[in-house]
Structures are given as structure tokens and as C-alpha cells.
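Colleague: Starting from the given sequences, assemble the full structure and let the hints guide the process.
Heads up: the sequence lines are chains A and B, in that order. 1 is the number of the first residue of the first sequence in the numbering used here; add one for each residue after it. 302 is the number of the first residue of the second sequence in the numbering used here; add one for each residue after it.
Do not rely on the hints blindly, as some may be mistaken.
Here are some of the chain A residues that sit facing chain B, going by a computed Cβ distance under 10 Å [to be verified]:
1. L12
2. R39
3. N178
4. I193
5. E195
6. V241
Note that these hints are calculated values from the structure, not bench results. As the structure is a computational prediction, the values presented were derived from the model and not from experiment. Where a beta carbon is used, it is the ideal one built from N, C-alpha and C, also for glycine.
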Amino acid sequence: MQPLFQQGTGPLLRTLFFVLLSATIMVADHRFNQLEQVRGVLSGAIAPLRYAVDLPARFLGWSSDQVRSREELIERVNALERENLRLRARQLKFETIRSENERLRTLLDSTSDRDERVLVAELLSVALDPYRQQVVVNQGERDGVYAGQPLIDAYGVMGQIINTGPFTATALLISDPNHALPVQINRNGLRTIAEGTGEPDRLELRYIPNNADVRVGDRVVSSGLGGRFPPNYPVATVMEVERRPGEPFARVIAAPQAHLDRSREVLLVWPESADPGNIAANGDVPAADADGTDAPPRGKP
Amino acid sequence: MNPRWWLIPLTLAVALMLAMVPLPDAAAPFWPDWVTLVALYWAMALPQRFGLTFAWIAGILLDVSQGALLGQNALGTVIVVAFALRYHQRLRVAPIAQQALIVTVLLLLKQALVLWTSGLAGRAPETPWLFFAAPLTALLFWPLLFVVLRDLRRRYQVA
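Modeller: Pasting the structure below:
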């Protein structure tokens with residue numbers, strides 16, 4: 001039996017100790033990014049819980065596959081075959097254009113584009129915090145995922161990995177207020193920066209002068225400056241252009257192409273290491289595109 | 302040493318799983334903070350077994366699972382659990398509605414702490430009042446959680 005009025009060794013002191021410990025950790029995490037290792041280990045420790053949470057959804061998907069009727073399956077296969085045919089036809093054209101492009105590039109003596117390596121990952125969970133636009137994917141360090149790695153879905157750029165555990169990795173979406181991505185307008189090559197707003201369907205294009213040539217419906221692609229994202233991936237479509245005579249820059253809102261709140265399958269991309277001469281030749285300072293995590297982008301692991 | 306204390310980490314793990322359940326955007330702000338609720342229950346019911354160390358570890362794991370700044374939830378959890386430990390004798394005998402009210406106030410305090418530390422780190426949300434929706438739904442969930450955890454504690458004789 002415990003004594004009724006025992007208070008132990010100074011409860012106030014112990015509370016104070018833990019409060020100070022938390023404060024120290026917060027400062028270390030925020031200011032110095034010292035704790036990425038710790039975070040990785042801990043997220044490895046809770047990875048089994050994450051997988052367990054994901055099980056019911058997986059089971060539902062599996063059982064709906066099991067009970068799907070024959071006609072439905074035939075219909076789906078047919079639809080997929082039709083789509084495959086269409087994509088193959090487009091691919092044929094793409095191949096010719098690519099070889100032509102390569103020839104022209106060799107004529108001009110410039111470096112040629114190479115293919116990026118990709119890996120399919122599935123979302124495990126989204127951040128509970130409604131103000132943080134983050135997702136967790138089911139591939140981690142063991143699969144060669146690294147901090148700073150671009151994440152795309154079938155429609156466009158989704159975000160980048162900010163933290164890796166052994167089996168899972170956390171990604172910051174392009175719609176997070178802390179995320180900025182160097183982009184350009186596809187139509188005329190106008191360079192700008194796409195910043196997240198905290199809403200999954202809006203990005204803000206910053207530092208566009210009032211007299212710049214931007215129109216509603218313009219497609220925005222990644223510019224590849226900064227060396228973190230591969231160039232020419234679709235990012236967004238311009239939705240609103242508000243020219244403000246009193247201010248130095250126009251207010252431009254764009255809708256992300258990627259299905260940030262709906263995609264379950266995503267692709268991790270290993271970009272070919274950015275050619276430093278390429279960026280320097282452009283005369284542009286590469287824009288910083290991460291929130292606090294300054295892990296250097298690596299090439300192929 | 303009672304061999305059945307493993308029920309405490311087990312319930313905390315389940316709470317952590319509940320916290321990670323993906324929800325539609327509209328419902329997510331109203332999902333209560335299960336980990337802190339369970340931590341408060343154990344602090345109140347078994348203060349000699351469930352101390353600040355447990356609360357702090359639970360908070361850190363919550364931080365990791367949510368991608369928050371490491372230490373934010375740990376700080377909040379430690380402070381509210383310290384309060385529950387200090388007044389556990391009064392909290393235990395209070396009627397369940399009154400308990401729910403006190404727990405809600407504690408959770409509001411915790412959310413305020415998390416919001417404050419987010420603000421210091423420059424990550425403050427634009428509409429902070431949605432942050433305080435979760436403690437209010439905890440008011441409804443507390444009686445249910447209390448009954449479930451009490452029955453578990455009695456069945457497995459955790460002491």
C-alpha cells in the first residue's frame with residue numbers, strides 16, 4: 001500500500017527538469033537542426049504503429065478488389081488498355097521529339113537531359129496538425145530515400161522529403177506555408193517562386209512585377225534552379241492575377257497540378273545531379289527551397 | 302512490482318495510433334488529443350506508477366508522429382500531467398462531468414502552450430481558434446475513455 005500523502009522527491013523540481021529538457025530540445029531542433037538523427041530513430045520506432053493504422057484502409061482496398069465482379073474487372077482492364085494505347089502513341093511521338101532534341105543539343109554542344117530514376121511509394125498518413133501540410137510515405141532510408149528528395153504524383157510536383165526514418169519518410173507538401181519552389185511560366189520562361197499558403201489548392205507566385213506577362217490559365221513548371229527539383233515538371237496553373245498599382249509586385253495565385261489531398265500513390269525522384277555550370281551560366285542565384293532542413297541534395301545513393 | 306503495468310504503455314500506444322488515423326480535413330481539427338487524454342487518466346488513477354517520465358516520452362513520440370517541433374507536445378503534456386499528479390486525490394473523487402470539465406481546461410492549456418511554442422518558432426497557424434476545437438470534443442470523449450480505461454485497469458488489476 002502506498003502512503004497516502006507521499007509526494008516523492010520534489011515534484012516541482014522534476015516538472016521543472018522536464019520543462020527545461022523540452023525547451024532545450026525545441027531550441028536544438030529549431031535552431032540547429034541537430035536532432036534529425038534522433039527523429040529518424042524515433043520515427044523508426046513508431047513505424048509499426050503507423051503500418052498498423054494503415055492496415056484497415058489497406059484491408060478495405062484489398063477486400064473491395066476481391067468482391068469486384070467479373071464485368072467490372074473486364075471493363076477496367078479494357079479502359080486501362082485503351083489508356084495504355086493512347087499513352088504509347090503519345091510516347092512514340094515523344095521518342096522522336098526526344099531524339100531530335102538530343103541531336104539539336106549535340107549540334108549546340110550542350111549537355112543532354114537524362115532520365116531520372118523513380119520509385120513508387122504509398123502515403124501512410126497525413127499530418128494530424130491541420131496547419132501543417134505534411135505526409136508520410138512508406139519508403140525510408142533503407143530504400144535510398146534522402147532528405148531534400150523531390151516527391152511527385154502522376155499530375156505534378158507534390159513536395160520534398162524533409163526527414164527520413166529507416167522505413168518511412170516525412171515529406172513537406174508544396175502547399176505548406178514554409179515551402180517555396182523555384183518555378184517558371186511555361187509559356188514565356190518567366191522565373192518566379194511558388195510559395196505554399198497552407199491551403200492544398202492554392203499557391204502564391206511571388207515577386208512577379210505588375211507589368212509582367214502572366215495570364216490566367218498559364219502553366220507553371222519547375223525551373224530546376226536551386227538544384228533540388230528536376231526542371232520542367234508541371235507544378236501549377238495560374239488561377240488569379242491581380243495587378244496592384246500601389247505595390248511593387250502583382251498578386252498571382254495558382255492551383256497545384258498534383259492532387260495534393262487525393263493521391264495515394266506517389267513517386268520519389270532521384271534527379272541527375274544538377275550541373276553547377278548550368279546554373280551559373282544562367283546568372284541566377286539558386287533560390288532556397290526548403291524550410292529549415294538544409295541537407296545537401298545528393299545524387300544517386 | 303506488479304507485472305501488469307504493461308497496460309499503461311499499451312493504452313498509450315493505442316492512443317498514439319488513434320492520433321495518427323487519417324481523417325478528412327473537415328473532421329481533423331475536432332479529433333481529440335488521445336495521447337494526452339490517456340496520460341491524464343493514468344496520472345490521475347495511478348500517480349505512483351505513471352510519472353512525468355512516461356508523460357514526457359509519450360509527448361515526444363506524439364511530436365515525432367505529427368512532425369511537430371520536437372518537444373512541443375512533450376512540454377504541454379508534462380505540464381498538464383504535473384497538474385494532474387499534484388491534484389490526483391481531488392480529481393479522482395470528482396463527479397465525472399466535473400472531471401471532464403477540468404480535463405478540457407487542461408487540454409486547452411496544453412493547446413495554448415503548443416500554439417505559443419509554434420509562434421516562437423515562427424510556425425504559427427493563420428486561424429488559431431480551430432486549434433481549440435479538439436479540447437472541446439474531448440469534453441464529450443472523456444466519460445467514455447474514463448469508463449473504458451477504468452474497466453481495463455480493474456480487469457487487469459493494474460496497480
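Colleague: If a hint holds in the structure, say so; if it does not, say that too.
Modeller: Comparing the hints with the structure gives:
1. L12: holds (8 Å)
2. R39: Given a least distance of 6 Å, the restraint on R39/A holds.
3. N178: Result: holds, 7 Å to nearest chain B Cβ.
4. I193: It is violated, given that the least Cβ distance between I193/A and chain B is near 18 Å, above 10 Å.
5. E195: Violated, because the Cβ-Cβ distance from E195/A to chain B comes to roughly 14 Å (cut-off 10 Å).
6. V241: violated (23 Å)
In the structure shown, a violation is registered for the earlier hints numbered 4, 5 and 6, in ascending order.
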